[in-house]
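Visitor: Here UniProt numbering is used: position 36 in the sequence shown is 36, and no number is missing along the way.
Note that these hints are calculated values from the structure, not bench results.
Take the hints with a grain of salt, since some may be wrong.
Capping the alpha-carbon separation at 30 Å, the derived lysine-lysine pairs in DSS-like fashion look like this [claimed, not checked]:
#, residue 1, residue 2
1, K138, K413
2, K372, K382
3, K104, K440
4, K378, K105
5, K243, K104
6, K214, K138
7, K440, K382
8, K413, K333
9, K440, K372
10, K382, K105
11, K508, K243
12, K333, K138
13, K378, K104
14, K104, K372
15, K105, K508
16, K105, K372
17, K104, K508
18, K508, K372
19, K105, K440
20, K105, K243
21, K508, K378
22, K440, K378
23, K104, K382
Here are the simulated distance ranges between beta carbons [as the list claims (entries may be wrong)]:
#, residue 1, residue 2, range
24, F381, V24, 50 to 58 Å
25, L69, I343, 22 to 30 Å
26, Q376, L442, 21 to 29 Å
27, V39, G217, 29 to 37 Å
28, S298, V24, 20 to 28 Å
29, R507, L442, 33 to 41 Å
30, L442, I38, 53 to 61 Å
31, A32, S210, 52 to 60 Å
32, G217, S298, 43 to 51 Å
33, F362, M433, 24 to 32 Å
34, V211, K508, 20 to 28 Å
35, K333, R373, 36 to 44 Å
36, I38, P516, 27 to 35 Å
Even for Gly, the Cβ is constructed at its ideal location relative to N, Cα and C.
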Amino acid sequence: MGFEVGALLEKMNILSTTSDHASVVSLNIFIALLCVCIVIGHLLEENRWMNESITALIIGLCTGVVILLISGGTSSHLLVFSEDLFFIYLLPPIIFNAGFQVKKKQFFRNFMTIMLFGALGTLISFVIISLGAIGLFKHMNLEPLQIGDYLAIGAIFSATDSVCTLQVLNQDETPLLYSLVFGEGVVNDATSVVLFNAVQNFDLSHVNTSVALKLIGNFLYLFISSTVLGVVAGLLSAFIIKKLYFGRHSTDREVALMMLMAYLSYMIAEFFDLSAILTVFFCGIVMSHYTWHNVTESSRITTKHAFATLSFVAEIFIFLYVGMDALDIDKWKIVSDSPRTSIEVSSILLGLVLLGRASFVFPLSFLSNLIKRTPQEKIHFKQQITIWWAGLMRGAVSMALAYNQFTRAGYTKLRGNSIMITSTITVVLFSTMVFGLMTKPLIRLLLPSPKHLNRMISSEPVTPKSFIVPLLNGQDSEADLPAPVPRPTSLRMLMTAPRHTVHYYWRKFDDAFMRPVFGGRGFVPYVPGSPIEQSNRQFH
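Assemble the whole structure, with the sequences as input and the hints as a guide.
Guide: Now the structure itself:
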């Protein structure tokens, strides 16, 4: 008996060693592929059609084909797609860097339009796609899909991926358009995830007015509480770094604390089932407004490069990951007996994506233009087409949500669920490859780069600081501060220029109450051997 136990343990040890060796080999190959993606992306920088996300996706697909051939048709990926890996490790640095690098003045100047597109627009798209799925899929024998699955489909395919468009747009040449596409993309992802979580938290077997109102209330609660948590986490990091002078001993501690506090905000939101995307996005905005100005100059440069690098690598990782996982043979075996149904479902979903996007971009652009006063602030028709096009691509967020809804631990044996997974993969690949390849030519056709670029339109003019440290020009400089706006003397004046007065009062509030406590622009960090410490103590 003892001999049998010993032999069994020895066999398990051999299997464990083999598994560890296979994992090491897979990681080595995957990291090598990441390096190849970066090199090829650099070589194709000026290519009219390609960008780095499409390059990574194509390399992932080619690698999947090679592995499929080598394994004799049993496997196509080095790593199994995991929604936990995506949401916990890959997405946080991308979203945080988006908030950290955002040009805040342009973002908040168009905040209402961004929220109109990102929140209300996503809700409209969610309703259109959900109703279309209910009306069309119920007659296609896609068992065992229920009402909750159809609503989840609406949330899954409302999540856009605007990476391809943002890689082409120039935020100095088209500040309004870049701000809208960028801001709407982040808010859209957050709204889609919030909708998805709200749908999963309710019993939708009996839908009535009460359930609908609770669904809306839960959505608003998640949206607001997630934003507040991100703001609080950002302010807390600013207060700690400002009060404790980490830079007097080590800039490494400043950088580490900023990274960990940002990640902590994301994980706390996940723990309380809030929208971690919104939380870490607004945490990034607040950190860039307060915390970033409280650290030493070397820490500022380090954080900018570190956050941008982490975000860049995570994006390439995701597209490479999705490309390889798309050819997973187990998913396609179940639907191999009904290829026509799978093609029909994919085509319907793609059509609903096009319709859902158009159903809010053009009407909401019209509404937004009604309250704009100058032609520069209005969204012209060519810009509306670009915004519509930017939101047609679906990416890793849709993949991760689909896996969450229709699989268990990444696998499913149910025919209806398998068709939804493979259809999601098809829509993601088609939209990213076809629409992504056409993005550069389309934008150059619709929005040719003006030779006589009017720098006054941009809210972030180039400053000497921009030439010294290129990555730092994402932060508002003192030169960017607007001229003082006269205090409104009547309600009519307040109504005719609400944007300027709100910004004016926020500046007054920020200077009077926020910056003395949390630091920000004007606060000079401690540098050993200089008289700055004394001035900082007076500043406090």
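Visitor: Go through the numbered hints given earlier and state which of them the structure violates, listing their numbers in rising order.
Guide: Numbers 27, 28, 30, 34, 35, 36, in rising order.
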